[in-house]
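Chemist: Here are the chains, one letter per residue:
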Amino acid sequence: MTDHSPLWEVFVRARRGLSHTHVGSLHAPDAELALRNARDLYTRRQEGVSIWVVPAAAITASSPDEKDAFFDPAADKVYRHPTFYEVPDGVAHL
Amino acid sequence: MYGNDFSTPADAPGGGLLGEVEAAEAELRAAAQRGRRGGPAPDEDLAAYFAEVVDAEQKIEPRDWMPDAYRRTLIRQIAQHAHSEIIGMQPEGNWISRAPSLKRKAILLAKVQDEAGHGLYLYAAAETLGISRDELVRLLLDGRQKYSSIFNYPTLSWADVGAIGWLVDGAAIVNQVPLCRCSYGPYARAMIRVCKEESFHQRQGYEILHTLAHGTPAQQAMAQDAVDRWWYPSLAMFGPPDGDSTHSAQSMAWKIKRFSNDDLRQRFVDMCVQQAEILGLRIPDADLRWNDERQAYDYTQPDYDELLRVISGDGPCNRERIAHRRAAHSEGAWVREAAAAYAAKRAEQREKVAA
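So the protein lines, in turn, are chains R and B.
Reminder that position 15 of the first sequence reads as 15 in our numbering, one-by-one numbering, no gaps.
Reminder that position 255 of the second sequence reads as 349 in our numbering, one-by-one numbering, no gaps.
For the record, the hints were derived by calculation from the structure and aren't laboratory data.
Some hints could be false.
Only some residues are given here: those of chain B computed to face chain R with a beta carbon under 7 Å [claimed, not checked]:
#1 Gly211
#2 Ala218
#3 Arg227
#4 Leu235
#5 Ala432
#6 Ala433
#7 Ala437
Partial list, computed: chain R residues near chain B (C-beta under 7 Å) [what the hints assert, rightly or not]:
#8 Ser19
#9 Gly24
#10 His27
#11 Pro29
#12 Asp30
#13 Leu41
#14 Ser50
Glycine is no exception: its CB is placed at the ideal position from the N, C-alpha and C atoms.
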């Protein structure tokens, strides 16, 4: 089954205005069947208005081991957050 | 479609437990919010790091380091759980063609389809631990992995479908709600989905029994007979008593398991007593009575020798269940092959167009 039926990751948009969220995975021989299986498996109770299926093999993931080093560059850029800046008293709409 | 035919008990069965599922889900989000540093430092002891994550009520995710025994325990438990959902389709599937009305048939079909879905969520969770679906299916068909002993009992009457929903799914929910807080992320998330859906199952069973118990004397007798037969096997679903349970202590330490078998069994009994009263059915235990000191019901233990016999293959339907699953798997092979051939043909066509 695994040979003929690779693993797909399923993402569902719950409602308009929300982003697609990973809900789980399933096996299917092709994208079309993956989509149909995902509908039957993950949206039996109107959990979604849109589904993405992605071959699991096509996902490149960062590894937890390298997490600190990998995400470090974000830690020393506090000026990316609006709270970094001092706003003089009395300024409106900023 | 459920809970409308009777007024008072509509929110009683499963209501509080569903609240706990919501709480587990909120906790999952809260734990993620609390955040923590990322992976272990290069020179850090991995076992200590793992223990720290578990102690902090954070989730272990598939690519994290974990002790081999933790991985093996989870694969065994999640696989057994998945197999139980798949085999569990059979006792109820037995009544789809004979459901007493179109409404009941549609509901039962939806329920059995849910069980297949639960099996698939759980297989997917097990696969994140590095075992393949083929292997899992093979282990079940070869009898090398178990499924819940309860599905080796036959469904003799329509009332059994009600008793399974009320008692078997009820016991499953009591067992499974704490698993929503399991330390392994994919299992916890799958269990949250499963538990939300199980509460429909439990209520539909309760409604069937309620209808029968308020019907003709023959229907009442049928409902009572079903409860008489399913009560003790349902109590046995919580596993052997704490003293004899082999996997418990370690699973508790790893936060895979949160409560002991006996604690969960007690909780189930305490829930059922009032629900049985509203049904107007008798729990088949002459020694069942409130113990004011313990603030819980005293009750008769199920026959654990019988449980062991059924687990080891000698229940009323063990051979039938596995034979049916094997036949379904081999008779369905052509569908899988055809789908694969079609996918290959389509891929080839696309390549030609691209070339």
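Chemist: Each hint should be assessed against the structure and marked as holding or not.
Modeler: Comparing the hints with the structure gives:
1. Gly211: Glycine 211(B) check passes; min Cβ-Cβ to chain R is 5 Å, inside 7 Å.
2. Ala218: Status holds, d = 5 Å.
3. Arg227: 6 Å, holds
4. Leu235: Not OK, violated: leucine 235(B) not within 7 Å of chain R, min 12 Å.
5. Ala432: Hint violated; alanine 432(B) Cβ to chain R Cβ min 9 Å, cut 7 Å.
6. Ala433: Hint on alanine 433(B): holds, closest Cβ of chain R at ~4 Å, below 7 Å.
7. Ala437: 4 Å, holds
8. Ser19: Violated, because the Cβ-Cβ distance from serine 19(R) to chain B comes to roughly 16 Å (cut-off 7 Å).
9. Gly24: 5 Å, holds
10. His27: It holds, given that the least Cβ distance between histidine 27(R) and chain B is near 6 Å, below 7 Å.
11. Pro29: 4 Å, holds
12. Asp30: With Cβ-Cβ at 4 Å, under 7 Å, it holds.
13. Leu41: 5 Å, holds
14. Ser50: At about 19 Å, which exceeds the 7 Å cut-off, the nearest Cβ of chain B leaves the hint on serine 50(R) violated.
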